[in-house]
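> Residue-level listing of the chains:
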Amino acid sequence: MSQTPFEMETANEGETGRLRLAGELDIATVPRVEQAIDTLLAAGVARLTIDLRDIGFVDSSGLRLFIVLDQRANAEGWKLALTRPSRQALTVFRVSGVEDDLPFTEDASAA
Amino acid sequence: MSGEHDRPAGDPDGDAPLVEQLRRALAASEQRLAAVLDSLGEAITIRGEDDRLIYANRPALERLGFDSVEQLRDADPRALMGAYETTGERGEPLSMDDLPSVRALRGEQPEPLLLRAVNRSSGDERWSLLKTTPVRDADGAVEAAITIIEDVTESRRAALRMEFLTRAGDVLASSLDYQQTLRNVAGLAVPQLADWCAVDLFTEDGVRDPVAVAHVDPEKIRTAERLRAFEPRELNRDQGVGRVLSTGESQLYTEIPDEMLVAAALDREHLALLREVGMRSVLIVPLSIGERTIGTLTMVSAESGRTFDSDDVEFAEQIATRAALAVERSRLYSERSEIARTLQRSLLPDAIPTIPGWQVAALYHPAGHESQVGGDFYDFWQVGDEWLMMIGDVTGKGVGAATLTALVRHTARAASEFDSRPANVLARIDAALRQRPSASLCTALCLRTSPHGTTVAAGGHPLPLLIGDGGISRVGEYGTMLGALKRTRWPEHDVRVRAGDTLVAFTDGVTDTVGADGERFGEERLRQTLGRLGRLAPDPLCDGLAAALQDFQVGAQADDTAIVIMRFTGAREPAARARQPLGVTAV
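Line by line, the protein sequences are chains A and B.
Start counting the first sequence at 1; every next residue gets the next number (the numbering used here).
Start counting the second sequence at 1001; every next residue gets the next number (the numbering used here).
The following block holds chain B by itself, in its conformation from the complex (with noise of 0.2 Å):
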């Protein structure tokens, strides 16, 4: 071998100038890759012998807070990762031998990893992906580990938002109860967007109603409610929740610092739960209906170290948008059904009067939503000796049906005045229906007793059953539904009562009633209830066949259902109670 090129590189003199002149491509080399690694959106760094981070780019340096490579290469790596608190995908701990990187130079093959690391002193929340790549020497073996930190913080807290909006909408349109939406709801928020997370609501003369408080620990929430214990029965207008509600803006502690906390403090115990508690950061915004600030939502983070800004903030206004909306609709739906409770009452006789020589019972079971208000009704009165009994159906729900049904009462009343007969009170409903603009229909039995004797006619409803030693029979004759048709007649039907006998009247609501495959309950299995229930006082009577129209319902009722039940006694007796509607349950 010859030549100047080939000698040993041992050679001081001839070989200076070629190492020089590689020494300065390497250099130039090196600086050309340190460029374009630095020039990268991507944080990399490259972690060596003993778990040392060895390089990093300038991303990856801005970052972990160094502003050279030579100082990182000092830095101790378990006491930078200790400056972190580092949580996976779903709050889990996680601890630096969790690291991709660290893994890799274990020989291991790791997946890419999303880790939340909040700094320790800033509270800076970043979501990192990270990618691994190992780097072997000549053997194989892995002498380093290159990993490209992806900043995924926008887009993780994006999905974790878009996530919760999206359970939480469903939680805030699953119930009308609006006190556990609300625990719902904050139940959501912990851990992902907070440590804590309250809701309070305040009538309008300011009393505060704590419904929710949500941190994952249970320990933590009892730490809550012994801090309620201090709080002030008059708020705070110039900060905190108090300010909230007053101004109805938002209200950011971007840091609580401990001064904050020890000027809050009413005395050494509140400041030491205050402390327990750890807040770092806290927002608090209203619960908004237009102008009128309802409550608030605050959110406190603590041991998650995170601070909040101005986009969380923004987030949580949406949240308390709807949850405030979803209060509002449950109030607007509590008052309805009070308004339909008292116009459902004001509808039926306040209590079942004593009818001399009868004992009494009557039940009312309205179907649907306890919002609105049922068609069927029933009504008692007297005129001189005589006392009238009217059972009926409506057409329609509502307002609408609260409005006839009232129309039916007041004529069937003031027709009666003039002529008891039950023949004639039909004919003059049906004459006071046909006035009506739109169509209004009405089925009514009206059934007039004395001393003299007792009648009853229908109008297109059906007829009742008596209940006697002779067994059970159908009472009556049919006629023609109140309020369209033009062919009428109500033929009057006197009825035969001996002492015990039970006179049963309905509307097709009992009847119809639907059970298993659809089967209706009809009159036949209603003559066998009667039959099999025996000769009861009408109060047991009526017990025991609201239970067989129970038992037998498949689904829920369709239509209203009333039962009128009149035993004939033969003396003068006490009437009994009126009884509650059965089966109004709230929704």
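For reference, chain A alone in the conformation it holds in the complex (with noise of 0.2 Å):
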């Protein structure tokens, strides 16, 4: 079984940065989707989605990405919302008990 491999689409619309993800977000490729939302933040947006609908897989190192992002918009004053991923995926924020914390939402434009 193959996996589908990593990638990042990033859109500026203003007042909202998209960000979209795809395949495996793991040790390797956090440091990338960090660069990213760094630059979307640095370009001055109020509100930050990211939509792991095509996300395969998040180990602890994602996870950790978006616990420190949550705490970090609560701190900065933006707006987090991260589009529920497949089942799969979710299991980790499941295991680690923090699917409630985060601002989860179900449709990418809703956010």
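No lab work stands behind these hints: they were computed from the structure.
Be a bit skeptical, because a hint or two may be false.
[Claimed, not checked] Below, a list of computed lysine to aspartate or glutamate pairs in the EDC-like style, where the Cα atoms sit at most 16 Å apart:
no. : chain 1 : residue 1 : chain 2 : residue 2
1   : B       : K1131     : B       : E1111
2   : A       : K79       : A       : D101
3   : B       : K1220     : A       : D100
4   : B       : K1131     : B       : E1276
5   : B       : K1220     : B       : E1276
6   : B       : K1220     : B       : E1111
7   : B       : K1486     : A       : D100
8   : B       : K1486     : A       : D38
9   : A       : K79       : A       : D38
10  : B       : K1486     : A       : D101
11  : B       : K1131     : B       : D1151
12  : B       : K1131     : B       : E1108
[Claimed, not checked] Here are some chain B residues pointing at chain A (derived, C-beta under 8 Å):
no. : residue
13  : T1395
14  : L1441
15  : G1460
16  : P1462
17  : A1484
18  : K1486
19  : D1512
20  : R1520
21  : D1559
Quantities reported herein were computed from a predicted structural model and do not represent experimental measurements.
Glycine included, C-beta positions come from ideal geometry on N, C-alpha and C.
Since each chain comes alone in its own frame, lean on the hints to assemble the complex.
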């Protein structure tokens, strides 16, 4: 079973920064996402929407990325929304007891 | 035909003025030609019958060491060639028959030749580019060969040095094994830059470590090894390597006269060996880190016959500077690795304790460079008649991870003194992590066992597997990751173990291990592996699992891996030994 390689698309719509992730988010790919997020936040977006629907796997470093990002959003006063990933990828959030803590939404456009 | 100009040339009376006129004109023309040729920067020679040189312009005469063309004409061409050690571009020996002028006289059409000539008496080294044009007689036969000799010594040396520096740069950056690196660099230097190249490092107490000695001929290297036996215990600070070490300044011995060898020799055998090396010229430069001289680089010119000059010293110093940096880098790295190993050891129990009623095995396998401390940990400790086991994973790597691991372990131990329930231990760790200025996250699984039972709680950590009569099952309930989350819960779960049951606790490094096509090891494969390994004792089970992970893994290990295996014996038995981390290999 071959895994989907990691892919990332970013869009800056002025107020809203959008990030669509696909494939595997792990210790190897997290730094790229961090960099993309820093770029969007540096551009002054007030909302950051991360679409996780095409994410197949998240490891603990991916999980930590979202926890730290959520803390940062609260501290810095911008809004974070995560579009809920597939059941498989959601496992790590459940195992960690983090699912209820993170700002998951069902639909990317609603965020 | 009439008129004085048309008379036959044999007439001595009427033609005399004309012949004289022609002779003068010819002489003037020859002088002009000679003046033109002499004024050229390039050396020009003409080779004629019997391969003799019949003409050379002023620069050519100077280079060949003649005062006049007449002298040159009298010289035996082979003796002339023999005054030089002549080699080609790649160091191959050249003979007279390889010269373009000689080949042109044989009727060949030679390509230009790049040649290195070392004057046997002065040791002077010159690189020349020889281009020959044949001169033909009326019948088309080659009667002479004109050769333009361009002195390319400077550009050739510059090119060789640049090439050397580039290759040395690659070699020096390629490895942290400085001994091998220095050997490779010394190997690059011969025979283009020197006949011998040696690197010695010295400890602060002055103990010599002869790291590298290079020569193209292995037989010669054995001579050098035999010479080492004669080295005095105490270096002479007034000369040679000893002087370079004590002053930090380079030493150049342009010529090594035999008297010097005689003076340096300890006995007859030593002198014979020194003479066997046939040193012509020697330069020694320091390997320095700041003010400290850590070693020397020695270049020796012997059979090539060339002598070193200040340019060579300057160049050798450049090489030595880079080599010294490579040594320092490697030393710092080893030191860092040693610190990391020490720190890592301090974060794991010294030995797996003997826990009554249990057999225990554990392994820890940090990912990445040995110079970094990993974020996984495990611990066992006793509180009264209870034993606690914790396995966990803190954010990050390195010193930050080490600090966090220490905090988590100490908090857990302290908390358990007052309330040893796993949920309480996790709650206290969570509270301690929240006090940290930056986001500090940790997952942990805490297990408590006593004669009254066994309890487990997880804080964002994978649940352990229980291998029992009924197969393999997950035990416990998921709880919240420690250190950051708003809503927290750490449900406790009583584990019912029977004699022979085995608990396998692990970090996500195990299940996240990447195999072929990016596939993860996963919990399902972990269960299959444990099932396949059967009901082994903790030690062989741990080995088997580690081997299965290693077989599965493709590429470098991405994350730390920790495993704790506990088998309930139901009776008091001594515990298994602690094990060494696996797969911690030198880079």
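> Identify every previously stated hint that the structure contradicts and give their numbers, smallest first.
3, 4, 6, 8
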